[in-house]
Amino acid sequence: MRANAVEVTGVSRVFPGRKGREVVALDDVHLTVSEGEFVSLIGPSGCGKSTLLRIIADLDVPTAGSLSVFGKSAHQARLDQDYGIAFQQAGLLPWRTVSDNVGLPLEVHGQSRGSRRSRVAELLELVGLADFARSYPDELSGGMQQRVAIARALAESPRLLLMDEPFGALDEITRERMQGELVRICAETGAAVVFVTHSIPEAVFLSDRVVVMTPRPGRIIDVVDSDPGGSGRRDDEFRDAAGFFHTVARVRELLHGGPATTTGQAVPAARGVETR
Amino acid sequence: MTSATIDTGTTATLRVRPLRDSRLTTLLAPAVLGVLVIGAWQLAVEVFDIDPFIVPSPRAIFDQLVESRASVWEGMRGTGRNALYGLLIGAVVGIVAALLSNALPVVDQMAAPVVAALSVVPIVALAPALYTMFGAAVNTARVIVAAITVIIPVYFNTLRGLRQVRPVHRELMHVYAASPVRIARTVTLPTAVPYVFTGLRIASSLAVIAALIAEYFGGPVDGLGKAITSSAASSNYPLAWAYVIGAILLGLAFYLVTLLVELRVARHQPGS
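Protein chains in written order, with the numbering used here: chain A, 1 to 276; chain B, 277 to 548.
Do not rely on the hints blindly, as some may be mistaken.
Computed footprint of chain B on chain A; a stretch qualifies when at least three of its residues, placed anywhere within it, have a C-beta under 8 Å from a C-beta of chain B [claimed, not checked]:
hint	region
1	92-104
2	128-140
3	197-206
Selected chain A positions facing chain B (Cβ under 10 Å, derived; list incomplete) [claimed, not checked]:
hint	residue
4	R54
5	L59
6	V61
7	Y83
Calculated directly from the structure, the hints in this document are not laboratory data. Since we're looking at a predicted model, the values are computed, not measured. Yeah, the Cβ is synthetic: ideal placement off N, Cα and C, and Gly gets one too.
Modelling step: build the complete structure from the supplied sequences, incorporating the hints.
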């Protein structure tokens, strides 16, 4: 049996606060992401969604609990380059051309220029930027820069893609187009995705499962399946489908403090979540 | 992709147009002002019959400049050579020191008071002492004065540049499990480069000034500073001013060359 892409078991992360007051960013979180599955983490700011992603990426370490990425420790998975990552900021190196940015991970890991070239061309084709190989990041729009960052994340054909609000800084129109492209790219590459967002429609549109989180302490309150139904395709038709609205309403309900938590207390209304 | 093409189209035109506009105003406005000031100067000297030892007329200075262009050029070469050597040596020392300070916190802590002290010392005041140390027949003292002047802005700017690495870039390198050498080569040094050149641009005109002033305190007779003092001493004021113009041209040349290099190096880097 193949290992799951990500397995998070009882992970907590406590940040030491000022005057000894601790901030519980994550509290006893359990999550499994299967191979090829698209999972979104959604919740208001402070719910620990980014912290969870950073722990999976080995950019942070849990204070309790354990996790495995493809059956290995997060540290080993990072050393083995088992995942690609994209941040809210494209984070391109401004002094490098678009192709040199896309080829950066390959270069860092010692691939020769010749073997990089064909892979970079392929990736630029995939994100629709083949004509901009020699451009510099400052010559691209925000959406194009983010596509370069996604191409870079895909450079080493990872089976897991970690994305921390990659479309957060984009306008709504660009954002919907990028979502469509991401769906296509994921279908082509078959990678599992852990996607952090604060947009409910974005989470529902993209993901097989939407993980709904609440803050203080950061917990998972529910996991909502998002089934595109009918055609099974996530396209503009899905955005208008009744099933889509039902799922959006369901997630929104959870975020706004629908059902009681295990301790019997009502979950406080989530602020800062986009409900558009 | 059509929308994408339109995107770059607009950014390209946006970038070109302000440049063309600003080129016109940045060149024309000071030129007009310069012509007016020089005209008023010439007029004042003629109308009020001012003695040349107070202020020579621009025409007299210009005539001297043309007449003695060979010796002005000679002086520019002498001072320029000292300034250039000083700039290069100071740049290397400043950059290496900044790299060390950045890599080793201990060095940073040790260097901080020294550099602070160095930056308040009037370096040219060391010139007489240096002439005694190295002898008045060679240019060594002048080069050293220029070099010390250069070290400080280069050191501070380089150190600042090395600390400008964006967190997202640092995390990216961490995710790639890149080695420290690789991180330095890929992210830290390229980030610092525009700052290094900003330091060099500031230092370049300082180097010329330092090399020139150092000549006032002794040494061989092959620079603009010496020429200015000796022509003033022999009451040839327009000639003294002609040498001053040579010094201005030399400083401008140093500044412009480093500015062009800076613009070229930093052309894709925002905020530096």
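We went through each hint and held it up to the structure:
Counting residues of the region 92-104 of chain A whose CB falls under 8 Å from any CB of chain B gives 4; the rule of at least 3 is met. Residues of the region 128-140 of chain A with a Cβ under 8 Å from some Cβ of chain B number 10, which satisfies the need for three, so the listed coverage holds. Residues of the region 197-206 of chain A lying with their CB closer than 8 Å to a CB of chain B number 0, which falls below the three-residue condition for coverage. With 10 Å as the threshold, the beta carbon of R54/A comes within range of chain B, its nearest partner Cβ sitting at about 9 Å, so the hint holds.
Because the smallest distance between the Cβ of L59/A and any Cβ of chain B comes to about 6 Å, under 10 Å, the interface hint for this residue holds. The closest approach between the C-beta of V61/A and any C-beta of chain B is roughly 13 Å, which is over the 10 Å cut-off, so the hint fails. A hinted interface residue such as Y83/A counts as satisfied when its beta carbon comes closer than 10 Å to some beta carbon of chain B; here the least separation is about 8 Å, so the hint holds.
Of the numbered hints stated above, those contradicted by the structure are hints 3 and 6, listed in ascending order.
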